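Chemist: Given the coordinates of chain A, assemble chain B onto it according to the supplied hints.
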Amino acid sequence: MAEDFGVVRLNFFNKIAVIRLVNGDNKINGRFVQSLNKALDSVEGNPNIKALVTTGEGKFYSNGLDVEWFSSVDDRTYIQFFQDLNELLSRLLTFPMPTVAALNGHAFAGGGILALCHDYRTMRTGAGWLCLNEVHIKLRFSEFIMSLLKSKISSPVLTEVAILGKRFTAEAALEAGLVKLITGPEKLIERSLELANSLVGSKGYDRVTLQNMKKDMHAAVLAVKNSAIRGKAEFEAVRKRNASKL
Amino acid sequence: MMNKNKSNIQALITTGKDKFYSNGLDLEWLGGSGAKDREAFMSAFNVLCVRILTFPMPTIAALNGHAFAGGAMLALCHDYRVMRTGRGWICLNEIDLKMRFTRFMLNLIQSKVKSSIVETDMLVMGKRFAADDALTAGLVTLITGPDQLIEKSAGLAELVIGANGYDRGAMKDMKRDVYARVVALEQMLRGKDAAAKLDLSDLISKL
Chain A
430 MAEDFGVVRL
440 NFFNKIAVIR
450 LVNGDNKING
460 RFVQSLNKAL
470 DSVEGNPNIK
480 ALVTTGEGKF
490 YSNGLDVEWF
500 SSVDDRTYIQ
510 FFQDLNELLS
520 RLLTFPMPTV
530 AALNGHAFAG
540 GGILALCHDY
550 RTMRTGAGWL
560 CLNEVHIKLR
570 FSEFIMSLLK
580 SKISSPVLTE
590 VAILGKRFTA
600 EAALEAGLVK
610 LITGPEKLIE
620 RSLELANSLV
630 GSKGYDRVTL
640 QNMKKDMHAA
650 VLAVKNSAIR
660 GKAEFEAVRK
670 RNASKL
Chain B
53 MMNKNKSNIQ
63 ALITTGKDKF
73 YSNGLDLEWL
83 GGSGAKDREA
93 FMSAFNVLCV
103 RILTFPMPTI
113 AALNGHAFAG
123 GAMLALCHDY
133 RVMRTGRGWI
143 CLNEIDLKMR
153 FTRFMLNLIQ
163 SKVKSSIVET
173 DMLVMGKRFA
183 ADDALTAGLV
193 TLITGPDQLI
203 EKSAGLAELV
213 IGANGYDRGA
223 MKDMKRDVYA
233 RVVALEQMLR
243 GKDAAAKLDL
253 SDLISKL
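Line by line, the protein sequences give chains A and B. The first sequence begins at 430 in the working numbering and counts up one residue at a time. The second sequence begins at 53 in the working numbering and counts up one residue at a time.
Hints were generated in silico from the structure; no laboratory data involved. Warning: the hint list may mix true and false statements.
[To be verified] Residues from chain A shown here face chain B by an in silico Cβ test under 10 Å; the list is partial: (1) V496; (2) S580; (3) I582; (4) S583; (5) G606; (6) L607; (7) K632; (8) K644; (9) D645; (10) I658.
[What the hints assert, rightly or not] Computed cross-link-like contacts, PhoX-like style, restricted to lysine-lysine with a CA-CA straight-line distance of at most 20 Å: (11) K150(B) - K609(A); (12) K661(A) - K567(A); (13) K179(B) - K632(A); (14) K644(A) - K204(B); (15) K150(B) - K632(A); (16) K644(A) - K150(B); (17) K579(A) - K150(B); (18) K166(B) - K579(A); (19) K595(A) - K567(A); (20) K166(B) - K567(A); (21) K644(A) - K224(B).
[What the hints assert, rightly or not] So these bits of chain A aren't anywhere near chain B, every CB distance computed over 12 Å: (22) D470; (23) S500; (24) D548.
These numbers come from a predicted model, not from an experiment. Backbone N, C-alpha and C fix where the C-beta goes; we use that ideal spot for every residue, glycine too.
Same shape as in the complex, but just chain A:
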């Protein structure tokens, strides 16, 4: 049984929901956020579902924020998008069941951050990087994102991830503790479902309790969810300034 939300597709495997990002390099824009939220509504609305796996298609898990798109929209849409994005990331961060991001390919920038919002990450070997390359494209992290990164990544690794924008292959990601499990591409979904099922066990977790536990653990992140979003004009000015320095 599958549900189609356009850029996102939902399947159920017994007690596990699998959300597939099926829009090419799965850039994150208004439509992406809306569709993923709808899929998450469907998962939450089904009381039989005990865990969530998300994955991409082909070469990409997600190539991050759709910079072209949000550079082209009006200021109100821009601000709304970033507010909605923070809400979506917070929602994933505190999702009321175990979550696994199965990295079938590249998870760049916002795509990497999306993956980090899950409880665990699995990753295929042989292709694809986990990489927060904001520093390379002269972007900054918002207070909310920075808080999220600090909450999810240990200090020495954080330097490599955020400050240096390092590209992590599956093996490097495993060693750095950024992913829990790595495997050949053909086995990625199987092993991710296996992991999800092992977390669920025979009983699963009480949803409210698990959500509260995640909220408590990431309280500092949630507290800055509504931190000021840099206006579009400021964002453009920063980029122009940096471009002119080249």
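Modeler: Below, chain B without anything else, positioned relative to chain A:
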């Protein structure tokens, strides 16, 4: 047997008996107590945790058996943990009991468990760590057969003490510095020092 010269003591090992190191907080007793008694106990528990956390000499928890919930927390307050193989788990099973951690407990645990994955395993999923899992996860320093637990713990203690041991004042200060957030949070929760509360206001909003 009393050692009259207490200043000869350079390290502390704690351990339990039989199946349990500690099965955690006595929920039955807590449930039967009044609100004021519960509050007083939780305060005292926090104080005890900080005392062990900042004890003025190396500390080792020798896990002879299960360390569940509050028992695991006590074990985490020590500098090192040694665990027997073959039986017993270290596990924060609050999630299974539909309980939440206090801010103090979270800060304490997070100050000791540095890996994000292990943190998720432990806190969010309530995973049970047998000795070899605990070793892989970095929750314990050493694992050994049950008959060698105390011996190996003492051996580790000797290794840590080395030839000279540590100045007690220096060690206490160092631990208080390293675990400053946890120490500060406990003080704030105890509400002892009004001035301290004001100075901690920045720290509080970030905690």
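Chemist: Mind listing which of the numbered hints don't hold for this structure, in increasing order?
Modeler: Checked against the structure, the hints that fail are numbers 1, 10, 11, 14, 17, 20, 21, 24, while the rest are satisfied.
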